[in-house]
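*Asks:* Next come the chains, spelled out residue by residue.
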Amino acid sequence: MKIGFINIPFKEDFSIKSLFSFEKTATNMLIAVVTLALLAAFVVGIAMFFTHGHHAYNVTREHPWGLLLAVYIFFVVSSTGLCIIGSLGDVFGFKDYMMISKRAIFGSIVTILAGFAVILFEIGHPVTMVIYNVLSPGLTSAIWWMGTLYGLYLTFMIIEFYFLINNDMRKAKIFGLTGLLIGLAAHSNLGGVFGFLNTRQISNGVFYPTYFILTAFITGVFLAFIVMGFRYKLNFPANAKKMLEGLAKIQGLLISILIFFVTWKMLTDIYGGMPSRAEVAVHILSSLTFQAEVLLAMVLPLIVVLTTMGKKPVLMFWASMIGMVGIFFMRYNLVHDTQLKPLMMLKKTEYQLAPTWIDYFPSSAEMLISAGGLGLCILMYYVGTKMFNLDEEAHH
Amino acid sequence: MARYGMVLDYKNCINCKACEVACKEENGILMGADKHRIWVGVGEIEGQYPLLDLTSNVFHPSQCQQCDDAPCEDVCPTKATYTDDNGIVRVDVEKCILCTYCITACPYDARYIDDRTMTVDKCNFCTETRLARGETTTACQNTCPTKVRIFGDLDDPNSEISEVLRTREHYSLKAHLGTNPKLFYLT
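From first to last, the protein sequence lines stand for chains A and B. Going left to right, the first sequence walks through residues 1 to 396 as this note's numbering numbers them. Going left to right, the second sequence walks through residues 1001 to 1187 as this note's numbering numbers them.
Wrong hints could be hidden among the right ones.
What the hints assert, rightly or not - Quick list of in silico lysine to aspartate or glutamate cross-link-like pairs, EDC-like style, CA-CA up to 20 Å:
| no. | chain 1 | residue 1 | chain 2 | residue 2 |
| --- | --- | --- | --- | --- |
| 1 | A | Lys2 | A | Asp168 |
| 2 | B | Lys1011 | B | Glu1046 |
| 3 | B | Lys1035 | A | Asp359 |
| 4 | B | Lys1011 | B | Asp1053 |
| 5 | B | Lys1174 | A | Glu279 |
| 6 | A | Lys265 | A | Glu279 |
It is worth saying that the hints were derived from the structure and are not from the lab.
Just chain A, same shape as in the assembly (with noise of 0.2 Å):
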């Protein structure tokens, strides 16, 4: 289809009436079922804040930020993460790579399109803060620089793959490597957002801007995974089998990387037994989530990496299916255990700040549309498969 200059080449057999049919099979129509639930729960989720507004959720003064902030990080870091899988082919030039590039950029833009689904309901006024990002910058906040570049990001994550899909790849790699400094800064801007807490010493420091695009790009494998396993149905042919074994391989490293540093963040923290640190990292061990983000996330992939050395592809797509769950408890935890420790500012018994632990638990509504936000993610890419060819194409 031509507008003016612009050329985006649809698939020929793309029709609305094409959305609807897909092979009827258990799996599939699992799927579809599961995501139109999914966009019914985004709708009454909703439904709920347009209700009750901010009170819908289950947010305090004490713990400000909630589950749709941790939702919002899950994907953009998914998309961060998707985007340096995508530029390992179209920037960097690794050739193995290069099947994968247009599925996983256009993955990085369904991913952030989903989180700012999300955060829209999260923060009070988006029409101002849409006004008042321009007219009156707060240039020391990490917030303003974390949501311009994703802004900026998302331009250009949407250019690159409008030249990926035209086959210009030499603008794509243009594109796609300021989109991918772009998506970095603001990744790691993001990290700033907790590592500027001066207060929260848990946070506080340069351990999650550095950790944000380690944890990015082990999201990106995992989602790799993911979206070749259903692209292939399991069944990946040999070119696929030879790009998913380099990904386990650099996974494997990448999640010993992730263990070496969050081991290291622990010790240190409670070494020297600082009382708003050590405590809150003890509480921190000792929760469930903490264990199944190490558990799913960090040791279940490793044991599955080390043990096939990348070579059953479908056993690592099921430990990826698996991480991404880890990965989700990784982005609550980080959300929750910055909030943990009470200030500390007296309020005893006046008011409901008991001086021992924050206590959160999101709200339905939270939860509701948090589910929505994930099924708007596999409609926009499963729309994203009907409307384009998003496999690599024969003569590049």
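Add chain B to chain A, keeping to what the hints say.
*Replies:* Same frame as chain A, but now just chain B:
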């Protein structure tokens, strides 16, 4: 222009909560325990009778510390939080997007969400009420029966607050964070 600050002779506090009521009344703060610009923290008596630790039973009035280097201002993405010409950290409700980063970043737990405007609110030394009317005291100071609070211009060497800070030992809360609060607690 002035540079307003406050001294709290907190050991005189009897926890009558008149300051909290006066603040709510003067500034139209919503009812409810978690809607407050100022509060009185209470240290419970520790120990077992008869070995009670009476020094632990302290009343500790607190609020926004009006930091010279306010973390809440630094983290605000739209400059909704700003320091005015009188050194008072304030919130421009037109610009607040309710991202709640300031609530997370404030070391003093001094911010809350005003349900009417759905923006973040905090103590502003009665700038929009008493100071706007030309008065020279805040509501909490004016009502305090034991004269815990002294409000005034830190840049005026002849002001009562400057005189007290020159003659009485004092400390600031969480001074190690480099926030340079303009609230001072007398020892």
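*Asks:* For each hint, tell me whether it holds in the structure or not.
*Replies:* Checked hints:
1. A:Lys2 to A:Asp168: Within the cut-off at roughly 16 Å; holds.
2. B:Lys1011 to B:Glu1046: 18 Å, holds
3. B:Lys1035 to A:Asp359: With a Cα-Cα distance of about 19 Å, the restraint between Lys1035 (chain B) and Asp359 (chain A) holds, given a limit of 20 Å.
4. B:Lys1011 to B:Asp1053: 16 Å, holds
5. B:Lys1174 to A:Glu279: 19 Å, holds
6. A:Lys265 to A:Glu279: 14 Å, holds
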